[in-house]
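Colleague: Kindly generate the complete structure, drawing on both the sequences and the hints.
Single-letter residue listing:
Number of protein chains: 2
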Amino acid sequence: MTGPLPSWSDGDARTSILDFVASVTTPERSTFVPPGERIATFDNDGTLWCEKPMYVQADFIFRKWKAMVAADPSLAAEQPFKALVEGDRAWLGAILDHVPELLKGLGVAFGGITADAFETEVRAFFTDARHPTLGTPYTSVGYRPMLELLAYLEANAFTVFICTGGGRDFVRVVGEEMYGIPRERVIGTGPTLEYRDGDLYRTTGVERPIDDGPGKPVHIWTRTGRKPLLAAGNSDGDIAMLETARFGLLVHHDDAVREFAYDGGAEQALAKATQRGWTVASMKDDFASIF
Amino acid sequence: MTGPLPSWSDGDARTSILDFVASVTTPERSTFVPPGERIATFDNDGTLWCEKPMYVQADFIFRKWKAMVAADPSLAAEQPFKALVEGDRAWLGAILDHVPELLKGLGVAFGGITADAFETEVRAFFTDARHPTLGTPYTSVGYRPMLELLAYLEANAFTVFICTGGGRDFVRVVGEEMYGIPRERVIGTGPTLEYRDGDLYRTTGVERPIDDGPGKPVHIWTRTGRKPLLAAGNSDGDIAMLETARFGLLVHHDDAVREFAYDGGAEQALAKATQRGWTVASMKDDFASIF
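Protein chains in written order, with our numbering: chain H, 1 to 291; chain U, 1001 to 1291.
Note that these hints are calculated values from the structure, not bench results. Virtual Cβ for every residue (Gly too), placed ideally from N, Cα, C. Among these hints, one or two may not hold up.
Stated by the list, open to error - Think about it this way: if two alpha-carbon atoms lie no more than 20 Å apart in a straight line, the pair counts; the simulated SDA-like pairs of lysine to any residue are:
| # | chain 1 | residue 1 | chain 2 | residue 2 |
| --- | --- | --- | --- | --- |
| 1 | H | Lys272 | U | Lys1272 |
| 2 | U | Lys1272 | H | Arg196 |
| 3 | H | Lys272 | U | Asp1199 |
| 4 | U | Lys1082 | U | Thr1120 |
| 5 | U | Lys1272 | H | Asp199 |
| 6 | U | Lys1272 | H | Asp197 |
Stated by the list, open to error - Computed footprint of chain U on chain H; a stretch qualifies when at least three of its residues, placed anywhere within it, have a C-beta under 8 Å from a C-beta of chain U:
| # | segment |
| --- | --- |
| 7 | 167 to 179 |
| 8 | 198 to 209 |
| 9 | 221 to 230 |
| 10 | 236 to 246 |
Stated by the list, open to error - Far from chain U, by Cβ distances over 10 Å, these chain H residues were calculated:
| # | residue |
| --- | --- |
| 11 | Leu18 |
| 12 | Ser30 |
| 13 | Lys66 |
| 14 | Ala77 |
| 15 | Gly87 |
| 16 | Lys104 |
| 17 | Phe110 |
| 18 | Gly111 |
| 19 | Thr120 |
| 20 | Ala124 |
| 21 | Arg183 |
| 22 | Leu193 |
| 23 | Pro214 |
| 24 | Val218 |
| 25 | Glu267 |
| 26 | Leu270 |
Modeller: So, in structure tokens, the structure goes:
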């Protein structure tokens, strides 16, 4: 394609995005929205970057747990370390069945350290780790068409926020480099923090609500004081956010050759997209290139 | 004064601000900070606008409670409505002794309404109400020297946030008009919100921590991912925020003629300012004009 969004194929998805942006940026139109009110919110895992074969943050956490077991083998007797050492993917994959153990493992790994110390660990991970099937640094697994969309919206005076169900302080470390989004515009799930002696310490608790499902519009309101003008997601956890937006975009993972094809966890979102007229971007048909 | 900050008198406070800003914006200096990392945070009550003879938000809440009693006189049998109807300033002023009753009164007044409906009430208040001694709209009770400082920092590529111990969703309504600060850069205490049926509803709960004392650096980190480069406050509730900043500014209310003179609630902050080398701005000596 020539013109805006060059990595998008010509088709309904690209056209509907361009039409929507024109509708809110053309002063003569009744649908015009002043620049300061143009808020866009993007889910991260599966919307801006690849979330398969496992969440990027899961790789980070698993590496940390493995390093902890290497330093103290007695940890391997207990979950979640046991499942990791034994390669028990079924146990590790059943996140919802093992929330207490997983949160405990996170608390042991990162509770009590400063926010700055956590950032140092995240930065080291992004320097060292490679995506298990693509072989590239994780900072290269952002979707090119979506990166173009972020830049296109910024160029049209939208203020873009990342709204991740995953860890806010994890994504913030690479948000500027990968997406051009500064850390104050990364919204997400975070630990409860404590201030003492001039510094900020992570606790073992998690801030409620988490930034997923109905928690997403709550996080967006508390951070921005607005509902999004445009929102983009890819899974059922994004439905509430998309319901509050004037324009909803759903990324559909249907390209088994160039990425991963899966509807799991997005069944309701795909059904809602039809009911509510959200724009569905097929990675197979609408993305001319992916990475 | 000519040059920047014209409503500041020539003196140590103005000089130290100008010197600090020069030190972080001059690329050749070892103290230089890149623009994207220049975060400034300002307390609101008593730092940016007048908080005497009562908090602006207290006037808003009291008017609402009075209107509720007028509509349903039976409310006057219970606190906090009883104290208001009877003009019991001692009871209303002893906030810390009456937290449960005051929170209950707030919940009855604003719990269960949408975030948008709350905003409509706040907007009506700012249109109708006048400051009890100055006689001007509350949107005129911002301190001119501090407004100049906000603009000066923005002109030097700082990103300025308001960090209020009071209600975030209250201050957001006038932040743009009064301070040029858009709503996504207003951090503050807020209610627990619930998402349902496409909209956001206030509950009777309050988000923890509140944005005061040790909660201020926590709020600032969760919203911005940074500690402030410059922070400004006026009371003991701002100490933790000031401790995390490279440059601390404390507004001292010592002008009984043009504003109000009081150290109550700022005793520890004033002592800390000396220990830690924070810049103290005397309203009497450093502010050439106030409103």
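Colleague: For each hint, tell me whether it holds in the structure or not.
Modeller: Going down the list of hints, with the structure as the test:
A threshold of 20 Å between alpha carbons decides the hint, and for H:Lys272 with U:Lys1272 the separation of about 56 Å lies outside it, so the pair is violated. Under the criterion of a C-alpha separation no larger than 20 Å, the hint pairing U:Lys1272 with H:Arg196 is consistent with the structure, at around 16 Å. Only pairs whose Cα atoms come within 20 Å are accepted, and H:Lys272 paired with U:Asp1199 is accepted, the gap being roughly 17 Å. Proximity of U:Lys1082 to U:Thr1120 is assessed by CA-CA distance (about 26 Å); at most 20 Å being required, the pair is judged violated.
A distance of roughly 17 Å separates the Cα atoms of U:Lys1272 and H:Asp199; the hinted pair therefore holds under the 20 Å criterion. The suggested pairing of U:Lys1272 with H:Asp197 holds, with an alpha-carbon distance near 14 Å, which does not exceed 20 Å. Check result for the segment 167 to 179 of chain H against chain U: holds, 4 residues qualifying (beta carbon to beta carbon below 8 Å, three or more required). Proximity of the segment 198 to 209 of chain H to chain U, defined as three or more residues with a beta carbon under 8 Å from a beta carbon of that chain, is established by the 4 residues found.
With 7 residues carrying a beta carbon less than 8 Å from a beta carbon of chain U, the segment 221 to 230 of chain H meets the three-residue requirement, and the given coverage holds. Check on the segment 236 to 246 of chain H: 3 of its residues sit with their Cβ under 8 Å from a Cβ of chain U, so the three-residue criterion for coverage holds. Its beta-carbon lying about 26 Å from the closest one in chain U, H:Leu18 satisfies the requirement of being farther than 10 Å from that chain. With a minimum CB-CB distance of about 20 Å to chain U, H:Ser30 clears the 10 Å threshold, and the non-interface call stands.
In this structure H:Lys66 is separated from chain U by more than 10 Å, as the shortest Cβ-Cβ distance comes to about 27 Å. Distance check on H:Ala77: its Cβ is at least 35 Å (rounded) from any Cβ of chain U, clearing the 10 Å threshold; non-interface status holds. Once the 10 Å rule is applied to beta carbons, H:Gly87 is consistent with being away from chain U; the minimum gap is 35 Å. No beta-carbon of chain U comes within 10 Å of the beta-carbon of H:Lys104; the shortest separation is about 22 Å.
Against chain U, the non-interface label of H:Phe110 holds: every CB pair exceeds 10 Å, the least being about 15 Å. Every C-beta of chain U lies more than 10 Å from that of H:Gly111, the closest at about 15 Å, which supports listing it as non-interface. Interface exclusion of H:Thr120 from chain U stands, the closest Cβ pair being 14 Å apart, more than 10 Å. Chain U leaves H:Ala124 outside its interface by the beta-carbon criterion, the shortest separation being 18 Å against a cut-off of 10 Å.
Non-interface call for H:Arg183 relative to chain U: violated, since the shortest CB-CB distance, roughly 3 Å, does not exceed 10 Å. A Cβ of chain U approaches the Cβ of H:Leu193 within 10 Å, the least distance being about 5 Å, so the stated non-interface status is violated. The Cβ of H:Pro214 sits about 4 Å from the closest Cβ of chain U, inside the 10 Å cut-off, so the non-interface label is violated. Listed as outside the interface, H:Val218 is inconsistent with that label: its C-beta sits roughly 5 Å from the nearest C-beta of chain U, within the 10 Å cut-off.
The Cβ of H:Glu267 lies farther than 10 Å from every Cβ of chain U, with a closest approach of about 20 Å, so its non-interface assignment holds. Distance to chain U confirms H:Leu270 as a non-interface residue, since its nearest Cβ pair spans about 19 Å, more than 10 Å.
Figure legend: structure checked against the earlier numbered hints; hints not met, in rising order: 1, 4, 21, 22, 23, 24.
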